[in-house]
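**Student:** Residue numbers (this note's numbering), protein chains in the order written: chain A, 1 to 158; chain B, 159 to 316.
Each hint should be verified, as a subset may be incorrect.
Stated by the list, open to error - Within a straight-line C-alpha distance of at most 30 Å, the following computed DSSO-like cross-link-like pairs (lysine-lysine) qualify:
no., chain 1, residue 1, chain 2, residue 2
1, A, K72, A, K98
2, A, K72, B, K259
3, B, K160, B, K245
4, A, K87, B, K184
5, A, K98, B, K245
6, B, K160, A, K98
Worth flagging that the hints you see were computed from the coordinates, not collected in a lab.
2 protein chains.
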Amino acid sequence: MKFFEDTAVGDRREFGRHTFTVDEIKRFALAFDPQPFHVDEEAARRSHFGALCASGWHTTAACMRLIVDYHKRVAAEMTARGERPAKVGPSPGFRNLKWLKPVYAGDTVTFASEVIELRPSASRPQWGVVRMRTTGTNQKGERVYEVEAAAFIERRSA
Amino acid sequence: MKFFEDTAVGDRREFGRHTFTVDEIKRFALAFDPQPFHVDEEAARRSHFGALCASGWHTTAACMRLIVDYHKRVAAEMTARGERPAKVGPSPGFRNLKWLKPVYAGDTVTFASEVIELRPSASRPQWGVVRMRTTGTNQKGERVYEVEAAAFIERRSA
Numbered sequence: 001m002k003f004f005e006d007t008a009v010g011d012r013r014e015f016g017r018h019t020f021t022v023d024e025i026k027r028f029a030l031a032f033d034p035q036p037f038h039v040d041e042e043a044a045r046r047s048h049f050g051a052l053c054a055s056g057w058h059t060t061a062a063c064m065r066l067i068v069d070y071h072k073r074v075a076a077e078m079t080a081r082g083e084r085p086a087k088v089g090p091s092p093g094f095r096n097l098k099w100l101k102p103v104y105a106g107d108t109v110t111f112a113s114e115v116i117e118l119r120p121s122a123s124r125p126q127w128g129v130v131r132m133r134t135t136g137t138n139q140k141g142e143r144v145y146e147v148e149a150a151a152f153i154e155r156r157s158a
Numbered sequence: 159m160k161f162f163e164d165t166a167v168g169d170r171r172e173f174g175r176h177t178f179t180v181d182e183i184k185r186f187a188l189a190f191d192p193q194p195f196h197v198d199e200e201a202a203r204r205s206h207f208g209a210l211c212a213s214g215w216h217t218t219a220a221c222m223r224l225i226v227d228y229h230k231r232v233a234a235e236m237t238a239r240g241e242r243p244a245k246v247g248p249s250p251g252f253r254n255l256k257w258l259k260p261v262y263a264g265d266t267v268t269f270a271s272e273v274i275e276l277r278p279s280a281s282r283p284q285w286g287v288v289r290m291r292t293t294g295t296n297q298k299g300e301r302v303y304e305v306e307a308a309a310f311i312e313r314r315s316a
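Whole structure, please, built from the sequences with the hints as guidance.
**Tutor:** Listed below in structure tokens is the structure:
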């Protein structure tokens, strides 16, 4: 992760893309969200979704995986350049999580984020707080997922 | 699901409890959130968490599973009594998702919800909107998880 001081409002990061296969949608849903439209094509066709689609929590989990992989790549690149990556604190949570459209089997979703607010932490001087809007966009350019996240990021001055 | 008209602010539902095992924490995290403190006991001990703990997204997914199972039980009981269960629409999303404390390996979390607001849907007369606060509480009585959810619930008058 870049340090707080090296981050600016408007910074955009593209985490990568994920294709949601039938098998993976069913496997996740059987474990965590076994509603008919997530586990059975025929039941999904008869549902308000009209076709098999991923659990919203599967979308969030797939996004998280791409975010973790992205930060590992960034950290490795910084280390390779002889820089120390900034530490990231635990996430205090999320606001306004929205599943805007269904993610259907076969859809490819690209996840990205934009920094929407930066402020020093009042209580922890070695950290800054970064607020980001993370989005998922399908192969037709439709936004399917959106969430506002806050993270504690190490300050260079710390 | 009970109909909108049969639901009241303050109604509390207990969905059930889930024990997060080491194996399950690692399996989820390897797939979706492979940060060191979710996949490796030794790395977790050295982290700010101090011990292996579940991905926050694992907590949300385990909660979802208990919610789905709960609603299936309620629907089956209503059907057995000769009643028709109310339909539930897709969730428009969540507000203020908070992971208040880590969920450590071996922790048992009880998930419950309380109705905090009820209103007819302005745009869809056959539906009501129910807002709930869903919480997770560990075996020590500490709240570890909280989220505010809205759901569309069928109106009896529809």
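**Student:** Tell me the numbers of any earlier hints that the structure contravenes, in ascending order.
**Tutor:** none
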